[in-house]
Amino acid sequence: MEFDPVILARIQFAFTVSFHIIFPSFTIGLAAYIATLEVLWITTGLERYHRIARFFTKIFAVSFGMGVVSGIVLSYQFGTNWSHFSHVVGNVIGPLIGYEVLTAFFLEATFLGIMLFGWNRVPRGVHVFASIMVAAGTSLSAFWILSANSWMQTPAGHEVIDGVAYPVDWLAAIFNPSFPYRFAHMVTACYLTTAFVVLAVGARYVYQGRYSEDARTMMRMAIGLIAILAPLQAYIGDAHGLNTLEHQPVKIAAIEGHWGETDGVDGGVPLVLFAWPNEKTESNDYQIAIPHLGSLILTHSWDGTFKGLKEFAPDDRPPVAIPFFAFRVMVGMGLLMIFTGWLGAFLLWRRRLFETDWYLAPVQHIWPIGFITVLSGWFVTEVGRQPWVAYGILRTVDAISPVDGWAVATTLVLFVLVYGVVFSGGIYYINRLIARGPEGEAVETPTGVPNRPLTSAHEATRAAINTTGE
Amino acid sequence: MEVGLGMTWYLPVIWGLLLSVAIAMYVVLDGFDLGIGILFPFARNDREKDQMMNSVAPFWDGNETWLILGGGGLFVAFPLAYSIVMPALYLPMIFMLLSLVFRGVAFEFRHVAETSRFLWNIAFAGGSTLAAFFQGVLLGGFVQGIKVENNAFAGGPLDWATPFALLCGLGVVAGYALIGSVWLIMKTDGPTAVRARVHARLLLPAVLLFMGAVSLWTPIAFPRIAERWFTTPNLFYLAPVPVITLILAALVWRWLENGHQNMPFFGVIGLFLLGYVGIGISIFPYLVPPSLTVWDTAAAPASQVFTLIGTVFMLPVILGYTAFVYWLFRGKVREGEGYH
Numbered sequence: 001m002e003f004d005p006v007i008l009a010r011i012q013f014a015f016t017v018s019f020h021i022i023f024p025s026f027t028i029g030l031a032a033y034i035a036t037l038e039v040l041w042i043t044t045g046l047e048r049y050h051r052i053a054r055f056f057t058k059i060f061a062v063s064f065g066m067g068v069v070s071g072i073v074l075s076y077q078f079g080t081n082w083s084h085f086s087h088v089v090g091n092v093i094g095p096l097i098g099y100e101v102l103t104a105f106f107l108e109a110t111f112l113g114i115m116l117f118g119w120n121r122v123p124r125g126v127h128v129f130a131s132i133m134v135a136a137g138t139s140l141s142a143f144w145i146l147s148a149n150s151w152m153q154t155p156a157g158h159e160v161i162d163g164v165a166y167p168v169d170w171l172a173a174i175f176n177p178s179f180p181y182r183f184a185h186m187v188t189a190c191y192l193t194t195a196f197v198v199l200a201v202g203a204r205y206v207y208q209g210r211y212s213e214d215a216r217t218m219m220r221m222a223i224g225l226i227a228i229l230a231p232l233q234a235y236i237g238d239a240h241g242l243n244t245l246e247h248q249p250v251k252i253a254a255i256e257g258h259w260g261e262t263d264g265v266d267g268g269v270p271l272v273l274f275a276w277p278n279e280k281t282e283s284n285d286y287q288i289a290i291p292h293l294g295s296l297i298l299t300h301s302w303d304g305t306f307k308g309l310k311e312f313a314p315d316d317r318p319p320v321a322i323p324f325f326a327f328r329v330m331v332g333m334g335l336l337m338i339f340t341g342w343l344g345a346f347l348l349w350r351r352r353l354f355e356t357d358w359y360l361a362p363v364q365h366i367w368p369i370g371f372i373t374v375l376s377g378w379f380v381t382e383v384g385r386q387p388w389v390a391y392g393i394l395r396t397v398d399a400i401s402p403v404d405g406w407a408v409a410t411t412l413v414l415f416v417l418v419y420g421v422v423f424s425g426g427i428y429y430i431n432r433l434i435a436r437g438p439e440g441e442a443v444e445t446p447t448g449v450p451n452r453p454l455t456s457a458h459e460a461t462r463a464a465i466n467t468t469g470e
Numbered sequence: 001m002e003v004g005l006g007m008t009w010y011l012p013v014i015w016g017l018l019l020s021v022a023i024a025m026y027v028v029l030d031g032f033d034l035g036i037g038i039l040f041p042f043a044r045n046d047r048e049k050d051q052m053m054n055s056v057a058p059f060w061d062g063n064e065t066w067l068i069l070g071g072g073g074l075f076v077a078f079p080l081a082y083s084i085v086m087p088a089l090y091l092p093m094i095f096m097l098l099s100l101v102f103r104g105v106a107f108e109f110r111h112v113a114e115t116s117r118f119l120w121n122i123a124f125a126g127g128s129t130l131a132a133f134f135q136g137v138l139l140g141g142f143v144q145g146i147k148v149e150n151n152a153f154a155g156g157p158l159d160w161a162t163p164f165a166l167l168c169g170l171g172v173v174a175g176y177a178l179i180g181s182v183w184l185i186m187k188t189d190g191p192t193a194v195r196a197r198v199h200a201r202l203l204l205p206a207v208l209l210f211m212g213a214v215s216l217w218t219p220i221a222f223p224r225i226a227e228r229w230f231t232t233p234n235l236f237y238l239a240p241v242p243v244i245t246l247i248l249a250a251l252v253w254r255w256l257e258n259g260h261q262n263m264p265f266f267g268v269i270g271l272f273l274l275g276y277v278g279i280g281i282s283i284f285p286y287l288v289p290p291s292l293t294v295w296d297t298a299a300a301p302a303s304q305v306f307t308l309i310g311t312v313f314m315l316p317v318i319l320g321y322t323a324f325v326y327w328l329f330r331g332k333v334r335e336g337e338g339y340h
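Chains as they are written, first to last, in my numbering: chain Y, 1 to 470; chain W, 1 to 340.
Simulated from the structure, these hints should not be mistaken for lab results.
All values reported here derive from a predicted model rather than from experimental measurement.
Where a beta carbon is used, it is the ideal one built from N, C-alpha and C, also for glycine.
Keep in mind that the hints are not guaranteed to be accurate.
What the hints assert, rightly or not - Computed, partial: chain W to chain Y, Cβ under 10 angstroms:
1) 74
2) 116
3) 120
4) 189
5) 318
6) 325
As the list claims (entries may be wrong) - Using C-beta positions, here's what the derived DEER-type ranges look like:
7) Y:387 with W:221: 44 to 50 angstroms
8) Y:286 with W:46: 57 to 63 angstroms
9) W:46 with Y:361: 36 to 42 angstroms
10) Y:3 with W:310: 54 to 60 angstroms
11) W:310 with Y:121: 30 to 36 angstroms
To be verified - Simulated coverage check for chain Y against chain W, where a stretch passes if three residues somewhere in it have a Cβ under 8 angstroms from a Cβ of chain W:
12) 42-48
13) 413-422
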């Protein structure tokens, strides 16, 4: 049986990178959150910040472990599966990744030891410092990785000689045209992802009437951040979109499901809300669209136009359906984030947040929203880059290693099995840590719980937790 | 950028040395924590297992980062070598990485797990042992040579699977177990340390046998390596390497007999470095033996210089805070004492 190594290597990379990105998008935000809590702890002296920090450190440890091991795999896959990529763009991408290892990876990995195991061994100040170093390391790591990824999307500061890219201007390569947008978008996404996990955990405890002091602090901090960052993220995303239109117009055409200039009503480009992009007929089936809105968003004018997919050779177009649908998932989730944040902020302002069960009940389950949004965002940008792996320099089909299909197939199966076990284990253990809750606080007696209609309904749950959970 | 001939000669040599340092750091540091995993099944109970794991828990993450610097360094400084060596050693490389995945998550999962703890014990021991084995296989596969045509790997996916590479795999398992056992002598006490001393005395002769076997096998099987070692005047310059190895091994044996706590660990590091130097002598200046040298596979000088600047500044900083963390967690980990 013949296996196509390119397809298999693409599936393998998509699988391993999607698995990996879940963890940094959580731990970058979480490291910053823990460092913030620790700074609050030593400046205010309030024990609850310490408890929350220690609690999330345990969750951080499990997530970070999974992020590290899946990241090591990725760093080697450039060579194993995409060796021609390494050869063609290694002169530029290599140093960027090298700087990530030198400045970021060692920093976070080394200080992690103090952060996780130093609570009782080092003075408070050293522990806070270690946590800040870990947070700085994770953010620096994002800086270099986003720089390398942005360079693959919008290469700059290089020249191509005999098909191989050589660096000419490092500053231009690092701060390539899409980097600032991509970095801002990703870091904000990481903070939002973490904030929603914190919000959900807090809501769960408040709803169950456990750890209410810590849980309320978690919810307040998370809602404050979300109410500001979620709309800001929409703005950054819009700016990123305009940047993409300038540098990767075919990606925008795919995202918008925009086939040609003529398919607008009255000249303007409509905003396609839903459709089924059909690559055979080069048009959308079942389209629901709002006239002119596409023009308004992307050109900021009523009748402005931008290039449609048909203006690019079929070989230069990305597969349309994935960026098209993934983009709609991302934006939909983003809107839900803004709504959740603002509603929460409103309830907080009206001093009803911790008694409003119709808000708490669904919000305790909202924790995956950031992960879904981040993953769909990456599908948009990475699939939208196709058929190029380094835009305009190297096509994905040419980046492959000289390996046999069956070898890639074998390792793909192993990856799916191993990651399946590891991922299930990780989710299971993080859930167990959350179920146990922050330490150091005795489970409250139900009498202190404010009066709310559903309180009695939770009595049984609480009793069960009191007897078995601790 | 105009670069003189001198620079294009020196830069790849400097990078070759830096890469050697990174890999040596990795072998020593992750060596002992992988060794803990290899010795894990021999611990008598869960408390001893906890003690063993706690002796490396604050360090393993930082230790493993040297592996990324090794791989990353090859990518940064010698992208052509990276793009040939990785596909050539595709399967053992990915097997090794997947083994590290299992073992890495076991550190955290095992700590949180209750009833499923035994599963993560197996994952930790199995992952560590297999990772060590495949690292040895990678070393063997590299030393025995890689088939190259037109600057690309031109062999099959199982070219690496030779008796020599498998022997190297077993050798590295024994070596890591040895350095793990002398680490435990230094960092633990009670029954764990007593048992570690027993293990070390069994493993030291085994490791010497493996080193001897590889030292005999390589010159016999690979004439280029025989030529390197057994022609004059090289013979005289290089003879000290095996001689010092034997003397040091005898010293380590005495330290083990005489109840020394720390010296066996540093002695074994010395043995590792000597073996490593021996392999380096056999290989240099080839980065893709036997065809491509460090100069053939070097990245653009502008790339090598750019990363070298960062390395010159960052490497001392990294070594500094690594030493700081080891110092913070100095002293013995007693049974039942956890950091968590």
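- Item | Pairwise beta carbon distance, residue 310 (chain W) to residue 121 (chain Y), judged against the given window 30 to 36 angstroms | For residue 121 (chain Y) against residue 310 (chain W), whose Cβ atoms are near 32 angstroms apart, the range 30 to 36 angstroms holds.
- Message: Tell me if the interface restraint on residue 318 (chain W) is satisfied: Cβ within less than 10 angstroms of some Cβ in chain Y.
- Response: This interface hint holds because 5 angstroms falls under the 10 angstroms limit.
- Does residue 325 (chain W) pass the interface hint, meaning its C-beta sits closer than 10 angstroms to a C-beta of chain Y? 5 angstroms, holds
- Message: Between the beta carbons of residue 286 (chain Y) and residue 46 (chain W), is the distance compatible with 57 to 63 angstroms?
- Response: The hinted range 57 to 63 angstroms holds for residue 286 (chain Y) and residue 46 (chain W), with Cβ atoms some 60 angstroms apart.
- Going by Cβ atoms only, is residue 120 (chain W) closer than 10 angstroms to chain Y? 8 angstroms, holds
- Task: Kindly confirm whether 54 to 60 angstroms is satisfied by the beta carbon distance between residue 3 (chain Y) and residue 310 (chain W).
- Result: With a Cβ separation near 40 angstroms, residue 3 (chain Y) and residue 310 (chain W) fall outside 54 to 60 angstroms, so the hint is violated.
- Message: The hint names residue 116 (chain W) as touching chain Y; please verify it with the least Cβ-Cβ distance against 10 angstroms.
- Response: 8 angstroms, holds
- Query: Taking 8 angstroms as the C-beta cutoff, is the stated coverage of the stretch 42-48 of chain Y by chain W satisfied by three or more residues?
  - Reply: violated (count 0)
- Minimum Cβ distance from residue 74 (chain W) to chain Y below 10 angstroms? 8 angstroms, holds
- Can residue 189 (chain W) be said to touch chain Y, with a Cβ gap under 10 angstroms? 18 angstroms, violated
- Query: Between residue 46 (chain W) and residue 361 (chain Y), does the C-beta distance stay in 36 to 42 angstroms?
  - Reply: 40 angstroms, holds
- Range agreement (Cβ of residue 221 (chain W) with Cβ of residue 387 (chain Y), hint 44 to 50 angstroms): 45 angstroms, holds
Hint compliance for this structure: hints 4, 10, 12 are broken, all remaining hints hold.
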